[in-house]
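Participant: Listed here are the chains, written in short residue letters.
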Amino acid sequence: MATDKELSDFLKSIEKRAFKRALYAVRNDEAALDIVQDTMIRLAEKYSDRPAAELPLLFQRILSNATMDWFRRQKVRNAVLKNFSDFEGPGGDGEFDILEALDALDGSTRQDGADEVVSRSQIMVAIDAEVAQLPTRQREAFLLRYWEEFDVAETATAMGCSEGSVKTHCSRAVHALAKALKSKGITL
Amino acid sequence: MNKSYNLPSAANVGALESRFGLRVAAHLSEQSLQLGPDIGERLRVSREQALQRARTVRATQVAASGGGMTSAGAAILGDPGKGWWVTLGSALPLLALLAGLLLIQKWYADVQIAAAAEIDTALLADDLPPKAYGDAGFVEFLKAPRN
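Protein chains in written order, with the numbering used here: chain D, 1 to 188; chain C, 1 to 147.
These are computed hints drawn from the structure, not numbers from a lab. None of the values given here were measured: they were computed from a predicted structure. Think of the CB as a built atom: it goes at the ideal place given N, C-alpha and C, for glycine as much as any other residue. Be aware that one or more of the hints could be misleading.
Pairs of lysine to aspartate or glutamate, EDC-like flavour, derived with a Cα cap of 20 Å [unchecked claim]:
# : chain 1 : residue 1 : chain 2 : residue 2
1 : D       : LYS16     : C       : GLU48
2 : D       : LYS46     : C       : GLU41
3 : D       : LYS184    : D       : GLU130
4 : D       : LYS16     : C       : GLU41
Computed far set for chain C versus chain D, every beta-carbon distance over 12 Å [as the list claims (entries may be wrong)]:
# : residue
5 : GLY14
6 : LEU94
7 : LYS143
Under 7 Å between C-beta atoms, here's a sample of chain C residues computed to sit facing chain D [stated by the list, open to error]:
#  : residue
8  : GLU17
9  : GLY21
10 : HIS27
11 : SER32
12 : ARG47
13 : ARG53
14 : VAL139
15 : LEU142
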């Protein structure tokens, strides 16, 4: 059973990322805060007797469900279904070379100061915007896998899909982000 | 002209994707630290509410798991948190009480029987007054079969 301190530390460590994830989905600060609050309370009420190691996965699952509940309450199901569409075509991704983007990334560590076209904060805003524009499932997979640092199996469990789907979503998200950022001249 | 040596293998692509993903995530983490103080405060309040709720739930669970039940209550209603022998041990005082009540009842009945027998013996052993033979009840008593 997670102690009060373990639960508190866990919530503290995850609350800002959870807020951002909810914000990507609902694009409204107040709604995102409500969703995070709802998620925290659901976790505390139903799963506070679970070991601390189980909390991250449970939290992500509850957060996803709480976000879906918010959409249901808002009666914008059609918009959600549109965003959740996984049938987007390759869109030229096959022609895009991620190695090229990463070469640019590697080069960026050597470029500092006057050569940088945009400031660091502007880069972060641009990255934020591009992540927000990803299709929902791709964004979820990408954030769980790389931001929450879940492995593929944990991400699949949190998203309720297969590991193969997680890999596909992550790969598409990475390629889409790399391409979008490169087109803006952002080299991270 | 074979250009295939320039193409990364599937494993390399996976590694490159991971590197890229982690770098983007690092920027997202950096940005998430710059959330406004009002949002940080709201998150803190939410966290406190959740912790308070967790404490309430735990207290309720402890109470429901037998913390407020007496040993006699546990013996009668059963207590899933304890073993069979503990439950049996808790029932022993109740069984001893029942046995004591039964013994007292038997002892009281024996005392009453002994007292009645003593009176009957005294009556029968005493000299019988002649008027007794005029009593219909006594006559019936004499006529009744003896065991």
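Participant: Does each hint fit the structure? Answer for all of them.
Facilitator: Status of each hint after checking the structure:
1. Taking the CA atoms of D:LYS16 and C:GLU48, the gap is near 15 Å; set against the 20 Å cutoff, the hint holds.
2. For a cut-off of 20 Å, the pair hint linking D:LYS46 to C:GLU41 is broken: about 24 Å separates their Cα positions.
3. With a C-alpha separation of about 11 Å, the suggested pair D:LYS184 and D:GLU130 falls inside the 20 Å cut-off, and the hint holds.
4. Among the hinted pairs, D:LYS16 with C:GLU41 is consistent with the structure: their alpha-carbon atoms are about 11 Å apart, no more than 20 Å.
5. Residue-level check failed: C:GLY14 sits 8 Å from the nearest beta carbon of chain D, not beyond 12 Å.
6. With a cut of 12 Å on Cβ distances, C:LEU94 stays outside the contact zone with chain D, its closest approach being about 33 Å.
7. With 12 Å as the threshold on Cβ separation, the claim that C:LYS143 sits away from chain D holds: the shortest Cβ distance comes to roughly 82 Å.
8. For C:GLU17, the suggested interface contact is upheld, since its CB lies about 4 Å from the closest CB of chain D, less than 7 Å.
9. Nearest Cβ of chain D to the Cβ of C:GLY21: about 4 Å, under the 7 Å cut. The hint holds.
10. Here the hint on C:HIS27 is kept, as its CB sits about 5 Å from the closest CB of chain D, short of 7 Å.
11. With a cut of 7 Å, the hint placing C:SER32 at the interface with chain D holds, because the nearest CB-to-CB distance is about 4 Å.
12. Annotation: C:ARG47 was flagged as interfacial toward chain D, and the flag holds, the nearest CB pair being 5 Å apart, inside 7 Å.
13. Look at C:ARG53: its Cβ gets to within about 5 Å of chain D, closer than 7 Å, so that hint holds up.
14. This hint is violated: C:VAL139 has a C-beta 85 Å from the nearest C-beta of chain D, more than the 7 Å allowed.
15. Proximity of C:LEU142 to chain D is violated relative to the hint, the smallest CB-CB distance being about 83 Å (cut-off 7 Å).
The structure fails to meet hints 2, 5, 14, 15 from the earlier list, while all remaining hints are met.
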